[in-house]
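Chemist: Could you slot chain U onto chain H? The hints should help.
2 protein chains.
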Amino acid sequence: MSRFALAWLLALLAATAAAEETAPKPRTAADVLAASTPQDWRTLDPENTVYLELASGRVVIELAPAFAPKHVANIRALARENFFDGLAIVRSQDNFVVQWGDPEEDPEKKRVPRKAQRTLPAEFTRPAEGLSFVSLPDPDTYAPEVGFVNGFPAARDSKSGTAWLAHCYGMVGAGRDEPADSGGGTELYVVTGHAPRQLDRNITLLGRVVHGIELLSILPRGNGPLGFYEKPEQRVPILRVRVAADVPAAERTPLELLRTDTRTFADLVEARRNRRDTWYKVPAGRIELCNVLLPARKPPS
Amino acid sequence: MSRFALAWLLALLAATAAAEETAPKPRTAADVLAASTPQDWRTLDPENTVYLELASGRVVIELAPAFAPKHVANIRALARENFFDGLAIVRSQDNFVVQWGDPEEDPEKKRVPRKAQRTLPAEFTRPAEGLSFVSLPDPDTYAPEVGFVNGFPAARDSKSGTAWLAHCYGMVGAGRDEPADSGGGTELYVVTGHAPRQLDRNITLLGRVVHGIELLSILPRGNGPLGFYEKPEQRVPILRVRVAADVPAAERTPLELLRTDTRTFADLVEARRNRRDTWYKVPAGRIELCNVLLPARKPPS
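These protein sequence lines are chains H and U, in that order.
The first sequence begins at 38 in our numbering and counts up by one.
The second sequence begins at 38 in our numbering and counts up by one.
Next comes chain H alone, as it looks inside the complex (with noise of 0.2 Å):
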C-alpha cells in the first residue's frame, strides 16, 4: 500500500488506541477496522492483478473480470505481448481522468497488438443475476441502486435486469472512440476527479486502482483540448505494463484489501453514514456511493 494510505491506516489504529482510554462511545471507522479480523482482508488474484510501471513507481491495478470478461482478458493478453512497454500516459484532465496509449497520431503508424484485440464488443452492463450486490440503504443520483460486488462499486436496476460499474475515483475503463465497440483496452484511463458517473453505462470500466493512485493524480495537467499533453517531453513514459502472476512472487506488491461482503465492511459504512468522531457536529446520515472507504493494507506479518 501506499505510504500514505500506510502512515493513514497507522493514525487511525493510533487514533483507536487513544479512544480506548475513554468512557465506551459508538463505533468509529477506526474501531471497527481496529476489530476488524483476518478473515474480513482478501488478498488479489495475481491473474487479476495488473502492475502499471512508471518511473516514479508501481500503480497497482484490479481487474473486474465479472463485469468485463472479455476486456479483462485482453488487457492480460496485452501486458502479455508487452504491448504497454515503451508507449505513454498522454492525458491528464484535471478533475476528470488520467488516460495512458499510443503517443503517436498517424493511425497507420500506431501500435498493433500481435495476438490481443484491438477491439472488442462494448461491456457498458452485465445481467445482475449471479452477482452478490451489497446495497447501500441511501438515494444515488444516477441510479436505483448502488453498493458493491467484490470491492467494486456498482449499480444495478431491477426493470432492467442489469448491473454495472461505477465511475468513482480510482476506477479504470477502456477509451473508445464513438462507435460503442471502438474500444478494447489499449487506450485506459483512470478517474482522478470527481465521479463522472455520466460515463456510467457509456463506456467499459474493467478495473480499478488499489495501490499508488497518486502517482497519477498529481500529474500536470495538459494542456491541450481534453486535458491532452502537447509537448511530447510532456508525456508520461510506461516503463511496463504486467500481470502481477507474470512477476516474480518476490516482487509483487503485498497488500490486502477489505472484503466488501462482510459484517465488518456494513459496520464501516455504518459509521461513515453517521460519522461518530468528536470532530462532526452534524452526522450526514447518509453515504454516497464515491466517498465509501474501500480500505487496503500491508498484510500483517
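Honestly, the hints are just simulated from the structure, not real lab data.
There may be inaccurate statements among the hints.
Treat identical chains as interchangeable: a pair holds within one or across any two.
Once the Cα atoms are required to be at most 27 Å apart in a straight line, the calculated DSS-like pairs of lysine-lysine come out as [stated by the list, open to error]:
(1) Lys107 with Lys318
(2) Lys107 with Lys196
(3) Lys318 with Lys335
(4) Lys335 with Lys147
(5) Lys146 with Lys268
(6) Lys152 with Lys335
(7) Lys107 with Lys152
(8) Lys196 with Lys146
(9) Lys147 with Lys107
(10) Lys335 with Lys268
(11) Lys147 with Lys268
(12) Lys107 with Lys268
(13) Lys146 with Lys107
(14) Lys335 with Lys107
(15) Lys196 with Lys147
Modeler: Same frame as chain H, now just chain U:
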C-alpha cells in the same frame, strides 16, 4: 482563465461549428455556450475575489459573503494585513483536500492576526430565506434539495429553513479544530477530490476556486497522517494572498463566469443531464450537483 480551460472552451466551440454542418439536432453543452449572450456572463466583484499567489502562478478564489459574511470579512482583513504572506501549503491529501496556513507546530509561536480574528463563530448554515436558489431536479444523496446560489453549489432544507454551501470540487473552507467555533480563516482548505459532502454543515465554506485549481490539485500528496507534509521542504510557500480590489486593475486576472440564474445556465444543465454528444449512448437523464459545469472564460475582447 487557465490555458487548459480556454483550450477546452475553444474545442467546444470548434465542435459546435463542426456540428452546424450537419442536420439540426438537440443542443449540446457546446451549442448552449456558443449561443450565450454577454448578459449570461458576470465579472467577479474585486472585493469578493482573493488571489493566492504561488511560485507556479495565481489561484483565483471567489468569496461567498451571502453564506459566510464573518469569515469573508475576516479573509479580507487577513489578506490586508499580509497574514498569509510567507506561510505555506502544508497538506495535500489524495482525493480530499489541499490546505494552507502557518506550518509552525508550536502554538506559542504561530502567527497571530494583528487586527483580523483568529477564530469566529461557525457559519455552517444560514436561513434559506432571502437567497435566490436555482434548484436541480434530481435526487441528491445528502440533502433534500440542491442547486446554485450566485454561482455556488448549495443545498437547502425546507423543514429547518436553512441553506448551506456544498463541498464540491474547488470549494474553499476554513479549517477548524474540534470546537465548532475554532475556525476563522487562518487555515484554509480547497476540495481537490471527490466531493466530501459529509463535511457539509460541519465546517464553514466561504468560497470557490474559479481559476488555477490545477496549481493545487497536482501538488504531491503528503506522506504524513491526513496528507500533511512531513518535511518542511515539501511545503509550498505562499508568496502573497491579496484581495483583488487591492491589486492594480491591470494586474488582475480577467475572468467571466456564467451566471447560474439564467435560461442559458438552465439549458446547459439540461444539455449535461442528457448528453447529446454523439459519443454518449445512454444519456444519464440526471445530474449530480458537483458534476454541473460552472464555465469560466477570458472576457471577449
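Chemist: Hint by hint, note whether the structure agrees.
Modeler: Structure-based check of each hint:
no., hint, result
1, Lys107 with Lys318, "between (47 Å within a copy, 20 Å between copies)"
2, Lys107 with Lys196, "within (25 Å within a copy, 50 Å between copies)"
3, Lys318 with Lys335, "neither (33 Å within a copy, 40 Å between copies)"
4, Lys335 with Lys147, "neither (39 Å within a copy, 37 Å between copies)"
5, Lys146 with Lys268, "within (18 Å within a copy, 46 Å between copies)"
6, Lys152 with Lys335, "neither (35 Å within a copy, 49 Å between copies)"
7, Lys107 with Lys152, "within (14 Å within a copy, 65 Å between copies)"
8, Lys196 with Lys146, "neither (45 Å within a copy, 62 Å between copies)"
9, Lys147 with Lys107, "within (22 Å within a copy, 58 Å between copies)"
10, Lys335 with Lys268, "between (38 Å within a copy, 24 Å between copies)"
11, Lys147 with Lys268, "within (18 Å within a copy, 43 Å between copies)"
12, Lys107 with Lys268, "neither (34 Å within a copy, 46 Å between copies)"
13, Lys146 with Lys107, "within (25 Å within a copy, 60 Å between copies)"
14, Lys335 with Lys107, "neither (30 Å within a copy, 45 Å between copies)"
15, Lys196 with Lys147, "neither (42 Å within a copy, 59 Å between copies)"
In this structure, the earlier hints numbered 3, 4, 6, 8, 12, 14, 15 are contradicted, and the remaining ones agree with it.
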